[in-house]
Amino acid sequence: MQMLSRAWRHTLVRHATLAVLGLLVAVVVLMSVDDFRNRQLTELAYMALAAGGLTLLTGINGQISLGHGAFMAIGAYTTALLLQDPETALPLPLVLLASLLVALVVGVLVGVAAARLHGPYLAGATLTLAIAVPGIARYFSTTLGGEQGLRVTSPEPPAWFLDALFFLTGTEPSNSQYYAILGWTLLVVVFFLLANLIRGRVGRRWAAVRDDEVAAELAGINLARARVSAFTVSAAVAGLAGALMAIQIRLAAPTAFELTLSLTLLTAIVLGGLGTLSGAIIGSVVLVYTARIATDVGTAQGLDSIAAAELAPLVYGTVMILVILLAPAGLVGSLLRWRAARAARGADRRTTPPAARPTDPHHPDGPADQQRRPVATTKGDQP
Amino acid sequence: MQLLNTLLSGLTLGAVYAAFALALVLIWRSTRIVNFAQAPMAMVTTLLALELIDAGYSYWVAGAVALFAGLVLGAAVEFLLIRRVDQSSEINPVILTLGLFVALHAAAAIIFSSQFRSFPAPFSIRGLEVGGTTFGIGPADLFAIGAVVVTMGLLVLLFRFTDVGLKMRASAFNQEVAKLLGVRVGSMLTLGWALAAVVGSLSGLLIAGGGLVHPGYMDPVVVYGFVAAVLGGLDSPVGAVVGGLVLGLSLSLVSGYVGSQLVPLAALVILMLLLTLKPAGLFSQAQARRV
Numbered sequence: 002m003q004m005l006s007r008a009w010r011h012t013l014v015r016h017a018t019l020a021v022l023g024l025l026v027a028v029v030v031l032m033s034v035d036d037f038r039n040r041q042l043t044e045l046a047y048m049a050l051a052a053g054g055l056t057l058l059t060g061i062n063g064q065i066s067l068g069h070g071a072f073m074a075i076g077a078y079t080t081a082l083l084l085q086d087p088e089t090a091l092p093l094p095l096v097l098l099a100s101l102l103v104a105l106v107v108g109v110l111v112g113v114a115a116a117r118l119h120g121p122y123l124a125g126a127t128l129t130l131a132i133a134v135p136g137i138a139r140y141f142s143t144t145l146g147g148e149q150g151l152r153v154t155s156p157e158p159p160a161w162f163l164d165a166l167f168f169l170t171g172t173e174p175s176n177s178q179y180y181a182i183l184g185w186t187l188l189v190v191v192f193f194l195l196a197n198l199i200r201g202r203v204g205r206r207w208a209a210v211r212d213d214e215v216a217a218e219l220a221g222i223n224l225a226r227a228r229v230s231a232f233t234v235s236a237a238v239a240g241l242a243g244a245l246m247a248i249q250i251r252l253a254a255p256t257a258f259e260l261t262l263s264l265t266l267l268t269a270i271v272l273g274g275l276g277t278l279s280g281a282i283i284g285s286v287v288l289v290y291t292a293r294i295a296t297d298v299g300t301a302q303g304l305d306s307i308a309a310a311e312l313a314p315l316v317y318g319t320v321m322i323l324v325i326l327l328a329p330a331g332l333v334g335s336l337l338r339w340r341a342a343r344a345a346r347g348a349d350r351r352t353t354p355p356a357a358r359p360t361d362p363h364h365p366d367g368p369a370d371q372q373r374r375p376v377a378t379t380k381g382d383q384p
Numbered sequence: 285m286q287l288l289n290t291l292l293s294g295l296t297l298g299a300v301y302a303a304f305a306l307a308l309v310l311i312w313r314s315t316r317i318v319n320f321a322q323a324p325m326a327m328v329t330t331l332l333a334l335e336l337i338d339a340g341y342s343y344w345v346a347g348a349v350a351l352f353a354g355l356v357l358g359a360a361v362e363f364l365l366i367r368r369v370d371q372s373s374e375i376n377p378v379i380l381t382l383g384l385f386v387a388l389h390a391a392a393a394i395i396f397s398s399q400f401r402s403f404p405a406p407f408s409i410r411g412l413e414v415g416g417t418t419f420g421i422g423p424a425d426l427f428a429i430g431a432v433v434v435t436m437g438l439l440v441l442l443f444r445f446t447d448v449g450l451k452m453r454a455s456a457f458n459q460e461v462a463k464l465l466g467v468r469v470g471s472m473l474t475l476g477w478a479l480a481a482v483v484g485s486l487s488g489l490l491i492a493g494g495g496l497v498h499p500g501y502m503d504p505v506v507v508y509g510f511v512a513a514v515l516g517g518l519d520s521p522v523g524a525v526v527g528g529l530v531l532g533l534s535l536s537l538v539s540g541y542v543g544s545q546l547v548p549l550a551a552l553v554i555l556m557l558l559l560t561l562k563p564a565g566l567f568s569q570a571q572a573r574r575v
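These protein sequences, in sequence, are chains A and B.
Going by the working numbering, 66 is the number at position 65 of the first sequence; the sequence numbering is gapless.
Going by the working numbering, 567 is the number at position 283 of the second sequence; the sequence numbering is gapless.
Hints are supplied without guarantee of correctness; some may be wrong.
Unchecked claim - Derived SDA-like pairs (lysine to any residue); straight-line CA-CA distance at most 25 Å:
1) LYS451/B x THR417/B
2) LYS463/B x PHE445/B
3) LYS562/B x HIS498/B
4) LYS562/B x LEU198/A
5) LYS463/B x ARG313/B
6) LYS562/B x SER534/B
7) LYS562/B x ALA225/A
8) LYS463/B x LEU546/B
9) LYS451/B x GLY430/B
10) LYS451/B x ALA353/B
11) LYS463/B x GLU374/B
12) LYS562/B x ARG117/A
13) LYS562/B x ASN223/A
14) LYS451/B x SER520/B
15) LYS562/B x ASP519/B
16) LYS562/B x VAL215/A
17) LYS562/B x VAL229/A
18) LYS562/B x TYR122/A
19) LYS562/B x ARG293/A
20) LYS562/B x ALA359/B
21) LYS562/B x VAL30/A
22) LYS562/B x ALA114/A
23) LYS463/B x PHE443/B
24) LYS451/B x ALA550/B
25) LYS463/B x PRO521/B
26) LYS562/B x ASN176/A
27) LYS463/B x ARG367/B
28) LYS463/B x THR435/B
29) LYS451/B x GLU413/B
30) LYS562/B x SER33/A
31) LYS451/B x SER471/B
32) LYS562/B x GLU214/A
33) LYS451/B x ALA360/B
34) LYS562/B x HIS119/A
35) LYS562/B x GLU218/A
36) LYS451/B x VAL461/B
37) LYS463/B x ALA359/B
38) LYS451/B x PHE427/B
39) LYS562/B x ALA550/B
40) LYS562/B x GLY120/A
Hints were generated in silico from the structure; no laboratory data involved.
Keep in mind it's a predicted model, so treat the numbers as computed, not measured.
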């Protein structure tokens, strides 16, 4: 028993156990629900995947990106181009890997430029990226299909996969179930890797750069390298999510990758709480299901279908504003903070009387424009 | 001849981008926030004007109502939201304005419909004819340029020669000191946002004139306005105007000679080159940040 609890304290063991359990639950759920739910869950998988990549960049490393839809577009178009001809197409794992690599290379390029920027400048630059990339697809209409986009011939499930699942569950999985299982496997594997990366040396460097760049630099961290590596990993994950999206919707078209997609990803990580991977999943769940519920409510209230579809963004735009005003750490972050505060209160009561605690009126950041209101920093209490 | 026409149409675009960039700069100077929601704010007021025009009011009445609506909207956004955001993290205000962006978009699509609708121009949009050749600039374009120039003139008068302008400049320069000297900084910031929203609404009306409007029609403009503002250094109103004109002309050249689909990419290239080579912009005296 004691050995188990010691093993549990080991990050790798804990993450691996959670990943295996998560994968098992996912496969069981996916095999027992119908095709419609499977398609919905695949959508959830690629949104959560991209949101996880963005969490790493914005939440852990402190670089905001409004252009992650662009990296998804790059992944999706790579997949679409590689799957054009089903006769000569590469095997699916290679296609996914290629999409990831292309997004990674572009991520390095953008990351090098972005590493010099901060706050609103970075936001504006990535916003421009989000608007520019669909334009490229429209311009090269002969190779990239222009406005209509490229059709994707989604691969059939391989025989060994069908056999294995038939052996395990006694039923033959449908194509939708295959894509859903593929998506959730990728999600679990990538999140497992990301979770270890974040907990390790690399992740601590990223967080150090976010919390205080001067201190990080003094501690010997190469700021530019930390920023570029975070951007690269994040872009690669978004590219993989884009590849999955192309396989699922069987199309790579510019309209799917407009600004809305990038803003949706940002919404997901804000709702869940910047800085936790579980927040990225929760945010995506809230987003994907709120969209459906809001649309249903709108239709029931007598709105036409186009207006009803807009209810969801209205809700989550409003929620985004409220979250930033009331609970800047998001759903998961606020819970964690509440727990940390309670623990700290308990510890305080045991050690020092409250009057003895120092109160420092001077915030180390100088400029007057930051001193409009008491500074309550949320930094440091993110895991 | 094609070059001349391309440049002339670029001039009109540049004037409108300049107005939009100016709105961004006004807000940046006073509250250190880039208002990404400027685009949907201008879109909402323009669609309001279109509703009035469709209801039979004249262009001028509708335009005036739109500008006034911009004033109210800008003040309300500052008073209700911006004032309450925790600015200790640079990301919070960005996300706030983006949340507003998403919400206003959706609200406009529900209230005004998300279809493409044509917006009338106050004057003919056909090019001027001189001696048998048609130039790429018409009365409507001249009106747009004139409106932007007049607005800028009024802003200069306000900031240079009035008491309120001086107080607003003081609040933007140093809030603590301005407060000690008895300036009601909060009201000045609200006023600053309101004025910026009016300028933004104006650019929304001018871009819409003679074209199609829908909830997303201003989205690229916020990018071009931002690039123009960064060209000028984000801090400098003069820089914003020059940046707007430079950007309008260059994007017009790209659109005319390469392809309109690549215009946003050109804006991205310009922005990246600028931020790499001269991050403080062409006109700013601000210290460059070292990384």
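The hints, checked one at a time:
no., hint, in the structure
1, LYS451/B x THR417/B, "violated (51 Å)"
2, LYS463/B x PHE445/B, "holds (21 Å)"
3, LYS562/B x HIS498/B, "violated (36 Å)"
4, LYS562/B x LEU198/A, "violated (35 Å)"
5, LYS463/B x ARG313/B, "holds (17 Å)"
6, LYS562/B x SER534/B, "holds (18 Å)"
7, LYS562/B x ALA225/A, "holds (18 Å)"
8, LYS463/B x LEU546/B, "violated (47 Å)"
9, LYS451/B x GLY430/B, "violated (28 Å)"
10, LYS451/B x ALA353/B, "holds (24 Å)"
11, LYS463/B x GLU374/B, "holds (24 Å)"
12, LYS562/B x ARG117/A, "holds (11 Å)"
13, LYS562/B x ASN223/A, "holds (22 Å)"
14, LYS451/B x SER520/B, "holds (18 Å)"
15, LYS562/B x ASP519/B, "holds (14 Å)"
16, LYS562/B x VAL215/A, "holds (22 Å)"
17, LYS562/B x VAL229/A, "holds (20 Å)"
18, LYS562/B x TYR122/A, "holds (13 Å)"
19, LYS562/B x ARG293/A, "violated (46 Å)"
20, LYS562/B x ALA359/B, "violated (34 Å)"
21, LYS562/B x VAL30/A, "violated (54 Å)"
22, LYS562/B x ALA114/A, "holds (13 Å)"
23, LYS463/B x PHE443/B, "holds (18 Å)"
24, LYS451/B x ALA550/B, "violated (39 Å)"
25, LYS463/B x PRO521/B, "holds (24 Å)"
26, LYS562/B x ASN176/A, "violated (52 Å)"
27, LYS463/B x ARG367/B, "holds (16 Å)"
28, LYS463/B x THR435/B, "violated (29 Å)"
29, LYS451/B x GLU413/B, "violated (47 Å)"
30, LYS562/B x SER33/A, "violated (58 Å)"
31, LYS451/B x SER471/B, "holds (10 Å)"
32, LYS562/B x GLU214/A, "holds (22 Å)"
33, LYS451/B x ALA360/B, "holds (20 Å)"
34, LYS562/B x HIS119/A, "holds (15 Å)"
35, LYS562/B x GLU218/A, "holds (23 Å)"
36, LYS451/B x VAL461/B, "holds (11 Å)"
37, LYS463/B x ALA359/B, "holds (20 Å)"
38, LYS451/B x PHE427/B, "violated (32 Å)"
39, LYS562/B x ALA550/B, "holds (17 Å)"
40, LYS562/B x GLY120/A, "holds (17 Å)"
Hint violations for this structure: numbers 1, 3, 4, 8, 9, 19, 20, 21, 24, 26, 28, 29, 30, 38, all remaining hints satisfied.
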